[in-house]
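Trainee: Listed here are the chains, written in short residue letters.
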Amino acid sequence: MSNDAKPKNDSLFEAPPMGEQERMVEAILFATADPVTVTELTGRMPHGCDPAEALAHLRKRYEGRGVNIVKIGDAWAIRTAGDLGFLMQKETVETRKLSRAAIETLAIVAYHQPVTRAEIEEIRGVSVSRGTVDQLIELEWIRFGRRRMTPGRPVTFVVTQGFLDHFGLENARDLPGLKELRSAGLLDSRPQPGAGALGEAEDDEDDNQTELFED
Amino acid sequence: MSNDAKPKNDSLFEAPPMGEQERMVEAILFATADPVTVTELTGRMPHGCDPAEALAHLRKRYEGRGVNIVKIGDAWAIRTAGDLGFLMQKETVETRKLSRAAIETLAIVAYHQPVTRAEIEEIRGVSVSRGTVDQLIELEWIRFGRRRMTPGRPVTFVVTQGFLDHFGLENARDLPGLKELRSAGLLDSRPQPGAGALGEAEDDEDDNQTELFED
Amino acid sequence: MQDDAFQEDTVSVSERVAAEALIVDVGAFEGPLDLLLTLSRTQKVDLRQISILALAEQYLAFVEQAKRLRLELAADYLVMAAWLAFLKSRLLLPPDPTEEGPSGEELAAHLAFQLERLQAMREAAAKLMARDQLGRDFFARGITEDVQRVRRVTYTATLLDLMQGYARIRTRDDFRPFVMDRQHVMTMEQALERMRGLIGFAGDWTDIASYLPDGWDADPQRRRSTTAATFAASLELAKEGKIEIRQGEMFAPIQIRKKVPDE
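Chains as they are written, first to last, in our numbering: chain A, 1 to 215; chain B, 216 to 430; chain C, 431 to 693.
Just chain A, same shape as in the assembly (with noise of 0.2 Å):
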C-alpha cells in the first residue's frame, strides 16, 4: 500500500528533495527492461527534478557494490559488478575420455621431454594439430619447457607435476619402459577394440557413462 508518509511529489513548483530523486532514479533504473537516458529519466520524474545530479549520487552509492551504475552509450542501467560474473554462472561438469591423437601426444611428450612439435610429429608419424597441444596445455598436464638450442631455436614440451600427480607417478622417468609395456601384455594383443589390455580402459569409460546418465 502506498506510503502516505512520504512527500508527495506532485507539486509543479518544488522539486522533490535530493534523497528522493535518486530514490526515484534508483526505482527506474531497476525496474525499466532498457537502459535510460537522461531525457527518459527527466520526463519520466517529477517536474524541477535533477536526474544527472541524482545519478551522480546513486552511482557513487554503488561504487563497489554487487551491482554498478554504469553507462551504456548515452544511457545508464544497473549492471552486476564484473567480479561477480561468476555467480550467474552454473557450471557442470562433464568428463571426457581424452582423444587418441591427444593421448598419443602426450605419450610422447612424457616418454621424451622435452621434445619439440617436429619430433612428436616425427614419431607419431602424423602432424600435430595446434588444437591437441592446446588442450594439453590447457588440461594442465604439458607445458613449454626450454628452447632447443638448434637452428630456429624450436620450443619444447615437457609434462607438469599436474600430470604427474593425476597419473600417479614420482616423476616422468617411472613410466614404464617398451620392455615392460611388453612382458605386461600391452604390447602383444590390441586385435581389435574390445579385447585384451584394453578392457580396463574400456571399463573406465563405461564409468563415465554411467556418470553422465545419473546426472
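Any given hint could turn out to be false.
Chain A is nowhere near these chain B residues, computed Cβ spacing over 12 Å in every case [to be verified]: (1) GLU229; (2) GLU235; (3) MET239; (4) LEU256; (5) ALA290; (6) GLN304; (7) ILE318; (8) GLN328; (9) SER342; (10) GLN350; (11) ILE352; (12) GLU353; (13) ARG361; (14) GLY367; (15) THR375; (16) GLN407.
Below are the DSS-like pairs computed for lysine-lysine, each with C-alpha atoms no more than 27 Å apart in a straight line [what the hints assert, rightly or not]: (17) C:LYS688 - B:LYS312; (18) A:LYS60 - B:LYS275; (19) C:LYS672 - C:LYS689; (20) B:LYS286 - C:LYS672; (21) C:LYS672 - C:LYS688.
Think of the hints as simulated: they come from the structure by calculation, not from any bench.
Owing to the predicted nature of the structure, the values given are computational and were not obtained by experimental measurement.
Quick reminder that beta carbons are idealized off the backbone N, C-alpha and C, glycines included.
We have chain A already, so just place chains B and C on it with the hints.
Mentor: Quick look at chains B and C alone, frame taken from chain A:
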C-alpha cells in the same frame, strides 16, 4: 573477466568476508525477476557462505531506498518501493481483468487454504466454474495442495509464492484482516446443520473433477 | 433471535418494492446466496442482527414477483426458495419435539453465518485487490540476467591409456599383430592358390619342398608355416584328383606329381 586482484574464494575452508557475501547476494538478487531462496543462494555462492546473514545486512542497507529487499514465502527478491509506482507507468503490465468470481475464489483460497472446491462452492453459494480455477492456476496464483483425507480424497487448493509476490505479502499469514476473520470464527468450517450426506457427495464430484485437471 | 411479532404483510409490502427493483437484473446475481446478501442490505442492520425470517420472506417475495413477470429463474434459486419456505415454517411454528433434525433456529443461524462469511470474503477480496500489486504498483527487475549454464568439459585419461598410446606409436608394426603374423604365416588357401598355378608343370615326381616360395626357408617360423600350408594344399589337390603324392619312407621327402587324367 574475473578480477584477479580480488581474493579467490574457492578455498573449501575460508568463506569470503561478510561484505563480499553481501555483494554476492546483491548481485544475484538484482539479476533476476523471480524470488530466490536461501538454498539457491547457498548453491550459487562459494562454499562456506552464510546467505541468510548477508541477506539481513542487505535488507537493512536497502531500507527506505528506491528498491527494497523483500521476503516472499521462503524466498527473497528486490522490488521497487511501493510509493514510487507512479514513476513506472511505462512498465505497468496490462493484466486481464479478473472476474468477480475469480477474485472471490482467489480470496477464499488465500484465507481458507487448503480448501476444496466443494468448500469454495459452499462459501460462495454457487458452483465454481472450471474456467475460474483454470485462470487462477494459469496466473500461477493458486495451485493444487494435498488431497484432503476425507472420503473421496478431494484435492485442495493453496496460494503460491507468485501470489504472495504479486500482492507484496511475506507469507499468507500477512493477509489483510486475517486475524480478525479468524477470531470472528468466519474461517471455521461449519457444516450445514443436518447435512452430512450431501457434503460427501459433493466431495466425490470434486475429486473427479480434480483428476480431470491433473491430466 | 427472530422477531415473531413481525407481520408478514408489512414485510411483503415494503420488500416487494425492493424486490421489484432487484428483479430487473436477476442475471447479475451469483446465485441465491448472493441474492440473499443483497436483499439483506435492505434491512439496514448489521449482518449479525439480521432477521432471517424477514430475509426469507423478502426472498420468497422476490421469487413470487419473478414468477408473476414470467421470468425464468435458475433451478438453484427455486431450490433455495423451497428451503426458505421450509425454514420460515420452522421458525414460525412452535418446535415439535418429535421431529428430528436441526431446529429452525439452528438452520437460521447457519444461514446467517453463511451470509456473514460470504460478506467477509468479499471484503477480504476487495482489500486484497486494493493492495499494491506487482507490475502495477511495485516492480521486479527489468533487465534480468539469466544464469548461464556453463558446461565445462574435463578430459581424463588413465596411465594405461597413456602407455598403450605410446606402445601404439613405438611399435606401430608390431602392434598390428594380425598383419605381422600374416607376414610369417602362409595359409593353406595361399599355398593352394600358388600350387594350382605351378602343378601343371609338374609331370615328374618333385619334392614338395621345392614348391615353397622364395624367401620362406630362412626363417624357421616361416619355413614351418609354409611347409605345413603347402603339404595341406597338396593333400587337398590329391583329394581333388589333381595330383598324386608319395613318400618313400618315414621322414623321406614327400613328392608330388600331376595326375595324368585317364591314364
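Trainee: Run every hint past the structure and note whether it holds.
Mentor: Against the structure, the hints come out as follows:
No beta-carbon of chain A comes within 12 Å of the beta-carbon of B:GLU229; the shortest separation is about 17 Å. Here B:GLU235 does not stay apart from chain A, with its beta-carbon only about 9 Å from theirs, under the 12 Å limit. With a closest Cβ-Cβ approach of about 6 Å to chain A, B:MET239 is found to fall inside the 12 Å limit, against its non-interface label. At roughly 10 Å, the least C-beta separation between B:LEU256 and chain A is not larger than 12 Å, which violates its mark as non-interface.
For B:ALA290, the requirement that its beta carbon stay farther than 12 Å from each beta carbon of chain A is met, with the minimum near 17 Å. For B:GLN304, the shortest C-beta to C-beta distance to chain A comes to about 8 Å, within the 12 Å cut-off, and the non-interface label is violated. Every Cβ of chain A is farther than 12 Å from the Cβ of B:ILE318; the closest lies at roughly 18 Å, confirming the non-interface assignment. Against the 12 Å criterion, B:GLN328 stays outside the reach of chain A, whose nearest CB is about 22 Å from its own CB.
Annotated as non-interface, B:SER342 keeps its C-beta farther than 12 Å from every C-beta of chain A; the closest such distance is 34 Å. Even its closest Cβ contact with chain A, about 25 Å, leaves B:GLN350 beyond 12 Å, as expected for a residue assigned away from the interface. The beta carbon of B:ILE352 is kept farther than 12 Å from every beta carbon of chain A, the shortest such distance being approximately 27 Å. Distance check on B:GLU353: its Cβ is at least 23 Å (rounded) from any Cβ of chain A, clearing the 12 Å threshold; non-interface status holds.
Every CB of chain A is more than 12 Å from the CB of B:ARG361 (nearest about 30 Å), matching its label as outside the interface. Non-interface call for B:GLY367 relative to chain A: holds, since the shortest CB-CB distance, roughly 40 Å, exceeds 12 Å. Listed as a non-interface residue, B:THR375 keeps its Cβ farther than 12 Å from every Cβ of chain A; the least gap is roughly 21 Å. The claim that B:GLN407 is not at the interface with chain A holds, since no C-beta of that chain comes within 12 Å of its own (minimum 37 Å).
Of the pairs offered as hints, the one joining C:LYS688 and B:LYS312 is violated, with about 107 Å between alpha carbons and a cut-off of 27 Å exceeded. Restraint check for A:LYS60 and B:LYS275: the C-alpha separation of about 19 Å stays at or below 27 Å, so the hint holds. Annotation: proposed proximity of C:LYS672 to C:LYS689 holds, straight-line Cα distance about 6 Å (limit 27 Å). Proposed proximity of B:LYS286 and C:LYS672 is contradicted: the alpha carbons are some 100 Å apart, above 27 Å.
Between C:LYS672 and C:LYS688, the direct Cα distance comes to roughly 6 Å. Compliance with the 27 Å bound is thereby established for this hinted pair.
In the structure shown, a violation is registered for the earlier hints numbered 2, 3, 4, 6, 17, 20, in ascending order.
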